[in-house]
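Once you've looked at the hints, dock chain B against the given chain D.
There are 2 protein chains.
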Amino acid sequence: MVNKALNDNTQLSIVNSQLNACVIGLGLIGGTFALALRDNKIVSKIIGVEANEEHAQKALQLGLVDQILALDEAVKQSDFIILATPVTIAASQLPKILDLVEKQIVIDLGSTKFDIIQSVKNHPKRGRYVASHPMWGTEFSGPEAAQHNVLQDRVIIICDKNDSDNDALEFAENFYHKIGMRLVYMNGEAHDVHLAYVSHISHITSFALANTVLEKEKEEDTIFNLAGSGFESTVRLAKSNSATWVPVFKQNKENVLDVLNEYISQLRKFKSSLEKENWEYLNELIEESNKIKKILK
Amino acid sequence: MVNKALNDNTQLSIVNSQLNACVIGLGLIGGTFALALRDNKIVSKIIGVEANEEHAQKALQLGLVDQILALDEAVKQSDFIILATPVTIAASQLPKILDLVEKQIVIDLGSTKFDIIQSVKNHPKRGRYVASHPMWGTEFSGPEAAQHNVLQDRVIIICDKNDSDNDALEFAENFYHKIGMRLVYMNGEAHDVHLAYVSHISHITSFALANTVLEKEKEEDTIFNLAGSGFESTVRLAKSNSATWVPVFKQNKENVLDVLNEYISQLRKFKSSLEKENWEYLNELIEESNKIKKILK
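Chains as they are written, first to last, in my numbering: chain D, 1 to 297; chain B, 1001 to 1297.
Just so you know, these hints were derived from the structure itself, not from any lab. The C-beta atom is built at its ideal place from N, Cα and C for all residues, glycine as well. Careful, some of the hints might be misleading.
[Claimed, not checked] Below are the DSS-like pairs computed for lysine-lysine, each with C-alpha atoms no more than 27 Å apart in a straight line: (1) B:Lys1161 / D:Lys218; (2) D:Lys253 / B:Lys1276; (3) D:Lys239 / B:Lys1058; (4) B:Lys1297 / D:Lys269; (5) B:Lys1239 / D:Lys291; (6) B:Lys1076 / D:Lys239; (7) D:Lys216 / B:Lys1294; (8) B:Lys1294 / D:Lys271; (9) B:Lys1216 / D:Lys293; (10) B:Lys1250 / D:Lys218; (11) D:Lys218 / B:Lys1294; (12) B:Lys1293 / D:Lys218.
[As the list claims (entries may be wrong)] Quick list of the computed label-pair ranges, beta carbon to beta carbon: (13) B:Glu1287 / D:Gln61: 47 to 55 Å; (14) D:Asn174 / B:Asn1040: 49 to 57 Å; (15) B:Arg1182 / D:Leu257: 26 to 34 Å; (16) B:Glu1277 / D:Gln61: 35 to 43 Å; (17) D:Arg182 / B:Glu1287: 18 to 26 Å; (18) D:Ala190 / B:Glu1144: 35 to 43 Å; (19) D:Lys294 / B:Lys1121: 37 to 45 Å; (20) B:Lys1294 / D:Asn261: 47 to 55 Å; (21) D:Gln147 / B:Lys1121: 25 to 33 Å; (22) D:His148 / B:Asn1149: 35 to 43 Å; (23) B:Asn1149 / D:Lys293: 21 to 29 Å; (24) B:Glu1215 / D:Gln61: 53 to 61 Å; (25) B:Gln1152 / D:Gln147: 47 to 55 Å; (26) B:Glu1284 / D:His148: 28 to 36 Å.
Just chain D, same shape as in the assembly (with noise of 0.2 Å):
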């Protein structure tokens, strides 16, 4: 059954508070989008979708939702339905969503892009969806990761917004803009290029670098006393989950290799600087890098 918001055949408002939202995934960005959607009064209920049984009664008690129910009723009574599961079963659960669709709203906020959208192509539902991904995260995971208030003035990418349903777009471009975030578009296939560059590459370092301190640092005091220099925080993306970063490195895997053997490289003139003693070049190397100081300041 369709909430009755959507049965008197006018478009969806986001300021009708007679709204019912679900979200799937009550994970950190799930459940840091229902406390954007509760704080903001945008919906007058939030029904919760996720498998780990835990999770949900967590999710319930933090008061991140107000119902858990399955995927099939959750997306039936919902006007607006947010997916924040781990992208490959985003992937998968994309087109069962868009099967059980009427006129309701479809966001993911998921890490990759491509594959996602492909999952939907051809459906004939497609306009409902519309693909996102929020410029925020922490290493930390689960609902009790949920934050409130943590939205505002972050970047979200909006993808391939020319297949979502003027409607539904602007739906979701009014959500964004009502919690705070700054809209940026994209096409998907060019997010998860850049997104390798900018965000999955520096997961790599980060496991790779605490893999490496781990393997040859035995005293853990030691890493604790010293760690207040620098490796705190290069290190600090070393504690993501990996329920959540396999299934993005799995759809992203040719950028990120692509990222990867750079990276390597780029390691490599570093090792050849100090093995061969040559500070000139290992100088012009860091004053290179330095060059990030223009655009991050």
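Just chain B now, kept in the frame of chain D:
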């Protein structure tokens, strides 16, 4: 001429606000320790020594120091000497400083310890020197980068403490306590091994990441817009000054190369798991790296 506090033949006390200090090298670290001296009312006068005329003037303007003098004169007029120049310069300055010293106390704050300690190993005044290294820093440099009240609760490593005279060690320890730092003791060689793991490699991973992204991602706006997604924290250290870091890598070459080789071999595991689409192995690699959570909350 040595300050009068030295002439009464009693030991220097950290509570004697008649002391003069000199800070050699008025950058991020020297400047921050000058502020700590002043904010904690540890000395009555701070003399600065700085080869870069512009930095010297800036340090005076900012009130980091009361006066700029040449090294020899500054050492002679000071009771407490803080050496905070890049580590290769520090290793060449320290023997000259000890040549000038009578009862004064000299500390250095360099990111490597073995070579600096080695430079005065057989110096008749070796006992006046306390080798140390604060676990604090930022990616910024120069006198403007100096900060108030940032050293509290930070670790300061004191190396080879048995080679310092008792009163010099005690003075340095009291100073660090007074500014709120937590003392950790190590030998100089072990220090350089640990720091290669926990700090120096982090800088290389960031420098190489910046070079990778600057090479691959030609759209600066994209880097700027997408940086929220993990990149900003992993690349932060790439803003660090080559004048500081080339000398560190020079002095700690063998240890850094050792860790860098391990790091590249860890990255190759990620590369191989992607190339072979061995998602189970990738999952293991990430779960292994997650163990860093047990050490760094």
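Okay, the hints, checked on the actual structure:
no. : hint                             : result
1   : B:Lys1161 / D:Lys218             : 24 Å, holds
2   : D:Lys253 / B:Lys1276             : 10 Å, holds
3   : D:Lys239 / B:Lys1058             : 41 Å, violated
4   : B:Lys1297 / D:Lys269             : 33 Å, violated
5   : B:Lys1239 / D:Lys291             : 8 Å, holds
6   : B:Lys1076 / D:Lys239             : 51 Å, violated
7   : D:Lys216 / B:Lys1294             : 16 Å, holds
8   : B:Lys1294 / D:Lys271             : 30 Å, violated
9   : B:Lys1216 / D:Lys293             : 17 Å, holds
10  : B:Lys1250 / D:Lys218             : 25 Å, holds
11  : D:Lys218 / B:Lys1294             : 13 Å, holds
12  : B:Lys1293 / D:Lys218             : 15 Å, holds
13  : B:Glu1287 / D:Gln61: 47 to 55 Å  : 27 Å, violated
14  : D:Asn174 / B:Asn1040: 49 to 57 Å : 54 Å, holds
15  : B:Arg1182 / D:Leu257: 26 to 34 Å : 43 Å, violated
16  : B:Glu1277 / D:Gln61: 35 to 43 Å  : 38 Å, holds
17  : D:Arg182 / B:Glu1287: 18 to 26 Å : 34 Å, violated
18  : D:Ala190 / B:Glu1144: 35 to 43 Å : 38 Å, holds
19  : D:Lys294 / B:Lys1121: 37 to 45 Å : 44 Å, holds
20  : B:Lys1294 / D:Asn261: 47 to 55 Å : 32 Å, violated
21  : D:Gln147 / B:Lys1121: 25 to 33 Å : 53 Å, violated
22  : D:His148 / B:Asn1149: 35 to 43 Å : 29 Å, violated
23  : B:Asn1149 / D:Lys293: 21 to 29 Å : 25 Å, holds
24  : B:Glu1215 / D:Gln61: 53 to 61 Å  : 47 Å, violated
25  : B:Gln1152 / D:Gln147: 47 to 55 Å : 27 Å, violated
26  : B:Glu1284 / D:His148: 28 to 36 Å : 35 Å, holds
In this structure, the earlier hints numbered 3, 4, 6, 8, 13, 15, 17, 20, 21, 22, 24, 25 are contradicted, and the remaining ones agree with it.
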